Amino acid sequence: MTFLNSVELGAKGQRTLPAAAYCDATVFSQEQSAIFESRWVVAGVAAELAGPGAFMVKQIGKESILVVRDETGTIRAHFNHCRHRGTELCSEASGQLRRTIQCPYHAWTYGLDGKLVGVPDEDQMEDFCRADFGLHSAVCHEWDGLIWVNLNPQPEDFTNFIAPLVGKFTPWNLPQLVKLGERNYDVAANWKLIVQNYSECYHCAVIHPGLVRLSPPKSGGNDLVEGPFLGGFMDVTEPGGSLTCSGRACGAPVGDLTGDHSQRVYYYVLFPNVLLSLHHDYVMVHTLWPLAPDRTKIECVWLFHESSRDQAQWNPEEGIAFWDQTNREDWDICERTQRGVSSSRYEPGPYSNREAMAAAFDRYYLRIMQSPK
Amino acid sequence: MTFLNSVELGAKGQRTLPAAAYCDATVFSQEQSAIFESRWVVAGVAAELAGPGAFMVKQIGKESILVVRDETGTIRAHFNHCRHRGTELCSEASGQLRRTIQCPYHAWTYGLDGKLVGVPDEDQMEDFCRADFGLHSAVCHEWDGLIWVNLNPQPEDFTNFIAPLVGKFTPWNLPQLVKLGERNYDVAANWKLIVQNYSECYHCAVIHPGLVRLSPPKSGGNDLVEGPFLGGFMDVTEPGGSLTCSGRACGAPVGDLTGDHSQRVYYYVLFPNVLLSLHHDYVMVHTLWPLAPDRTKIECVWLFHESSRDQAQWNPEEGIAFWDQTNREDWDICERTQRGVSSSRYEPGPYSNREAMAAAFDRYYLRIMQSPK
Amino acid sequence: MTFLNSVELGAKGQRTLPAAAYCDATVFSQEQSAIFESRWVVAGVAAELAGPGAFMVKQIGKESILVVRDETGTIRAHFNHCRHRGTELCSEASGQLRRTIQCPYHAWTYGLDGKLVGVPDEDQMEDFCRADFGLHSAVCHEWDGLIWVNLNPQPEDFTNFIAPLVGKFTPWNLPQLVKLGERNYDVAANWKLIVQNYSECYHCAVIHPGLVRLSPPKSGGNDLVEGPFLGGFMDVTEPGGSLTCSGRACGAPVGDLTGDHSQRVYYYVLFPNVLLSLHHDYVMVHTLWPLAPDRTKIECVWLFHESSRDQAQWNPEEGIAFWDQTNREDWDICERTQRGVSSSRYEPGPYSNREAMAAAFDRYYLRIMQSPK
Numbered sequence: 024m025t026f027l028n029s030v031e032l033g034a035k036g037q038r039t040l041p042a043a044a045y046c047d048a049t050v051f052s053q054e055q056s057a058i059f060e061s062r063w064v065v066a067g068v069a070a071e072l073a074g075p076g077a078f079m080v081k082q083i084g085k086e087s088i089l090v091v092r093d094e095t096g097t098i099r100a101h102f103n104h105c106r107h108r109g110t111e112l113c114s115e116a117s118g119q120l121r122r123t124i125q126c127p128y129h130a131w132t133y134g135l136d137g138k139l140v141g142v143p144d145e146d147q148m149e150d151f152c153r154a155d156f157g158l159h160s161a162v163c164h165e166w167d168g169l170i171w172v173n174l175n176p177q178p179e180d181f182t183n184f185i186a187p188l189v190g191k192f193t194p195w196n197l198p199q200l201v202k203l204g205e206r207n208y209d210v211a212a213n214w215k216l217i218v219q220n221y222s223e224c225y226h227c228a229v230i231h232p233g234l235v236r237l238s239p240p241k242s243g244g245n246d247l248v249e250g251p252f253l254g255g256f257m258d259v260t261e262p263g264g265s266l267t268c269s270g271r272a273c274g275a276p277v278g279d280l281t282g283d284h285s286q287r288v289y290y291y292v293l294f295p296n297v298l299l300s301l302h303h304d305y306v307m308v309h310t311l312w313p314l315a316p317d318r319t320k321i322e323c324v325w326l327f328h329e330s331s332r333d334q335a336q337w338n339p340e341e342g343i344a345f346w347d348q349t350n351r352e353d354w355d356i357c358e359r360t361q362r363g364v365s366s367s368r369y370e371p372g373p374y375s376n377r378e379a380m381a382a383a384f385d386r387y388y389l390r391i392m393q394s395p396k
Numbered sequence: 024m025t026f027l028n029s030v031e032l033g034a035k036g037q038r039t040l041p042a043a044a045y046c047d048a049t050v051f052s053q054e055q056s057a058i059f060e061s062r063w064v065v066a067g068v069a070a071e072l073a074g075p076g077a078f079m080v081k082q083i084g085k086e087s088i089l090v091v092r093d094e095t096g097t098i099r100a101h102f103n104h105c106r107h108r109g110t111e112l113c114s115e116a117s118g119q120l121r122r123t124i125q126c127p128y129h130a131w132t133y134g135l136d137g138k139l140v141g142v143p144d145e146d147q148m149e150d151f152c153r154a155d156f157g158l159h160s161a162v163c164h165e166w167d168g169l170i171w172v173n174l175n176p177q178p179e180d181f182t183n184f185i186a187p188l189v190g191k192f193t194p195w196n197l198p199q200l201v202k203l204g205e206r207n208y209d210v211a212a213n214w215k216l217i218v219q220n221y222s223e224c225y226h227c228a229v230i231h232p233g234l235v236r237l238s239p240p241k242s243g244g245n246d247l248v249e250g251p252f253l254g255g256f257m258d259v260t261e262p263g264g265s266l267t268c269s270g271r272a273c274g275a276p277v278g279d280l281t282g283d284h285s286q287r288v289y290y291y292v293l294f295p296n297v298l299l300s301l302h303h304d305y306v307m308v309h310t311l312w313p314l315a316p317d318r319t320k321i322e323c324v325w326l327f328h329e330s331s332r333d334q335a336q337w338n339p340e341e342g343i344a345f346w347d348q349t350n351r352e353d354w355d356i357c358e359r360t361q362r363g364v365s366s367s368r369y370e371p372g373p374y375s376n377r378e379a380m381a382a383a384f385d386r387y388y389l390r391i392m393q394s395p396k
Numbered sequence: 024m025t026f027l028n029s030v031e032l033g034a035k036g037q038r039t040l041p042a043a044a045y046c047d048a049t050v051f052s053q054e055q056s057a058i059f060e061s062r063w064v065v066a067g068v069a070a071e072l073a074g075p076g077a078f079m080v081k082q083i084g085k086e087s088i089l090v091v092r093d094e095t096g097t098i099r100a101h102f103n104h105c106r107h108r109g110t111e112l113c114s115e116a117s118g119q120l121r122r123t124i125q126c127p128y129h130a131w132t133y134g135l136d137g138k139l140v141g142v143p144d145e146d147q148m149e150d151f152c153r154a155d156f157g158l159h160s161a162v163c164h165e166w167d168g169l170i171w172v173n174l175n176p177q178p179e180d181f182t183n184f185i186a187p188l189v190g191k192f193t194p195w196n197l198p199q200l201v202k203l204g205e206r207n208y209d210v211a212a213n214w215k216l217i218v219q220n221y222s223e224c225y226h227c228a229v230i231h232p233g234l235v236r237l238s239p240p241k242s243g244g245n246d247l248v249e250g251p252f253l254g255g256f257m258d259v260t261e262p263g264g265s266l267t268c269s270g271r272a273c274g275a276p277v278g279d280l281t282g283d284h285s286q287r288v289y290y291y292v293l294f295p296n297v298l299l300s301l302h303h304d305y306v307m308v309h310t311l312w313p314l315a316p317d318r319t320k321i322e323c324v325w326l327f328h329e330s331s332r333d334q335a336q337w338n339p340e341e342g343i344a345f346w347d348q349t350n351r352e353d354w355d356i357c358e359r360t361q362r363g364v365s366s367s368r369y370e371p372g373p374y375s376n377r378e379a380m381a382a383a384f385d386r387y388y389l390r391i392m393q394s395p396k
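Residue numbers (our numbering), protein chains in the order written: chain E, 24 to 396; chain B, 24 to 396; chain P, 24 to 396.
No wet-lab data here; the hints were simulated from the structure.
What you are looking at is a predicted structure, and each value in this text was computed from that prediction instead of being measured.
Certain hints may be false.
As the list makes no split between identical chains, a pair holds if one copy fits it or if it spans any two.
To be verified - DSS-like mimics (lysine-lysine), calculated; alpha carbons at most 30 Å apart, straight line:
id, residue 1, residue 2
1, K138, K241
2, K85, K138
3, K85, K241
4, K138, K191
Based on the sequences and whatever the hints tell you, model everything.
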């Protein structure tokens, strides 16, 4: 964890990260170990796992993780390979299991909780005890509609970790929302460029003509300004409006949002891999999955109040299409930035005060990367 | 050759190989050097080289090897590049040469035995002697219908090497058979996973419903149980039947097979790269060509008695299609296993007694990899 | 720069380069640093940048370089990324700018000369001085219709460098010619194999039947035989003929070519990346761009006297198509040679006296690679 140790942040006028943070394979490998495989990350939204046996497979760091709701309703995270010959258990990105997880090679069978419950011709195993061969698992918490997973065998205490956010998103009613849209993106840019891009609206006037028509890029303010959770809000100009193709709300109110809440969009970065965008009529959740120094998979889901399914009254696609377009504008400029920072002549450039949240993200990132695990 | 030295095999209850054996680039490179470029491997079946000038090009380890039948009928193995500027000589996978091998760049010309026999404008070469620039060659033996090649400049004596197999395959009449089918496969799995898969039928009930209908997965026994050559037989249930789509024999008897031989299929692994499957009506030969830790090219040919060409009586395609389907079932599960063993949490799992031949293969592999060259 | 130090050239009977020169990633990286990022290379032909704001983007070594004609008519070479967040400025291979270069992310704006001239919300920058954030630039010279660029911060003096060529190409009138054709090629071969191939006609009888019909492969002679600039001429058989599909001239005379000049084609290698082919009716310029040890992008342009646009009299496509075919014949054999020299048994082979210019190129290349930077 020494690679970035020499980066020093100036007293004022902070500069962007060095090229190694975006291009170097060793730094990337350190990030996978020290961040994605060692800290709390969000695997997805709980709304995607409706009942017992519903599962999703996520690559977290270099690991394939099977996230499944067990028969008691608890969400579990198992390493997605059999303890016999190592075969991958679930090959689909998501789906529905029956009461067990069965290996497709020799039919070794596990409970949804990971316990080994069946071995064909078990008498042909020497000195064998089922209890020794349950699935490897990771700790997992369902919190405010998000599924948090930590692959570290000695994970940070979740209650301490999440404390700064407790109650913060309550008005948006996250655990009760339903998923009415999703898009996946494969972006040729480092994951941190994507976070930095989300963290400032200095670029909005140039990149997002549709967005600035609805929400003034210099409006709003930040309420989480240091540490793993960062962000704030921007105003929506039109009374009762939202960020949609038409500018009007596209879904029923997600919760009991009154006053300011109903005339703003809140944007938060949850370190390391969530971008949480709270509108009064829907919530957008990006999760970022670094694949290489210069490549990131982005999963984006849109959550609505269930009554927004009423097509006579609401049109969720108006919010989804608005952000799909805005997302693509962002990914394009992130890819151009990735190409630029790979130059040997690139040197950290000066952040504007309008990029203060990007700078705060960089500070937290460097703190993590510079501290021993 | 020290990478796998620390692997110790338990006294009983042997476990599978560590992840490095399947995923590590250094181990792969050591295998290419210590096994494929230093030991006897099978380049293909002699039936593919019908007469003088018939050739095939094989990548053995990292080397492109031109295997050609010369004018005396002897099969030769030459490194497939010209001694002038290094140009690749034959770019096709197989074909028919005339009496010479001519470089396509400056027309330097070699006999089929590799001797340099022609250089345009030879007077423009300084201090030049043709005898210094014959093709580089490797030792080669045609044995029981198989073409054995060894790239080692000090190859193991072939007679000693092959001694345990002498006479063993005689009843199947291999040198007289003809090739009536072939399939190539590109499999995203380590070559050893493919050998292990071939070495046990514990998986058959789960993976191969078509196979177990014809041949009971717990039938049979092994007759070569330690060392470079491993295998045995399984029974065919239907009297006179074979492994074909219909269950009936699809070709004329390949040789003078009586009693047990006609009611069994024999399966042998010839270390490192051959899977030899002997049926009474045809012989199937897989050759494995590792391309990367996680990628193997598999060439599969089906050999029949010449009289099986008689379409009124026989239908070779029934055996070919049966195994093509069964092969694909195997490659799919090998690919899933490759993905699983790459997890950092994968640890060697316990072999069942029904996987004794896979365990024996692993023992021999480790012996080779742990011994200095 | 020590990798190739052990290569010694024999007193006579020089041999080809060792495999590492064509296959080794470290040697490739050293070439990128020591040659393409440190020496004069040709970025393209000046005819491609017609007036102020016309630009092309070239990858020189690992760097993306924006080559643009400024408002005074001078050609400039800038590193193609913004000094703010590092974003790539121009993403097109070529095009036309207005009076400025504007970053597509936050609209920082530079003059065509690279000076920073505009920053939105500049008051939000702390301790900021525009003069500190001009584009990084490289030295650039327009000479005889070619655009020479040198990324070295301490570049070799251009006047000294170019001295051996001053006046040499004057008869062909290069600065006045216009581009009437171009082709790009992606070739799976090391760039030096492509230069060597261009440097000899020992292969012509085998590879280029169309060429040898028009120009005898043993004709001509060399007039630059040692150093960075190498080459000579070959005869055209047909009086007044040229290298075209029909064998007849396909364009107006490019300059005041009399006597020998009008009955010959001149071929020069300008180290490291130009192949310059001078016909009396057109000029062909190849520029080579190494992408990997075994991969080279080749850009080829055809320049004509402007009056050759007269379709009633001339048909430039006849020269372009002739060489496009001949180029492809060359690239194919270079790719075959690349595959051959990667064998561990490849060893440097003997050059014929008919390959003396290829040998001279190798000598100069080794001199550069063996000398400390």
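Problem set entry | Violated constraints from the hint list, given by number and in increasing order | 3, 4
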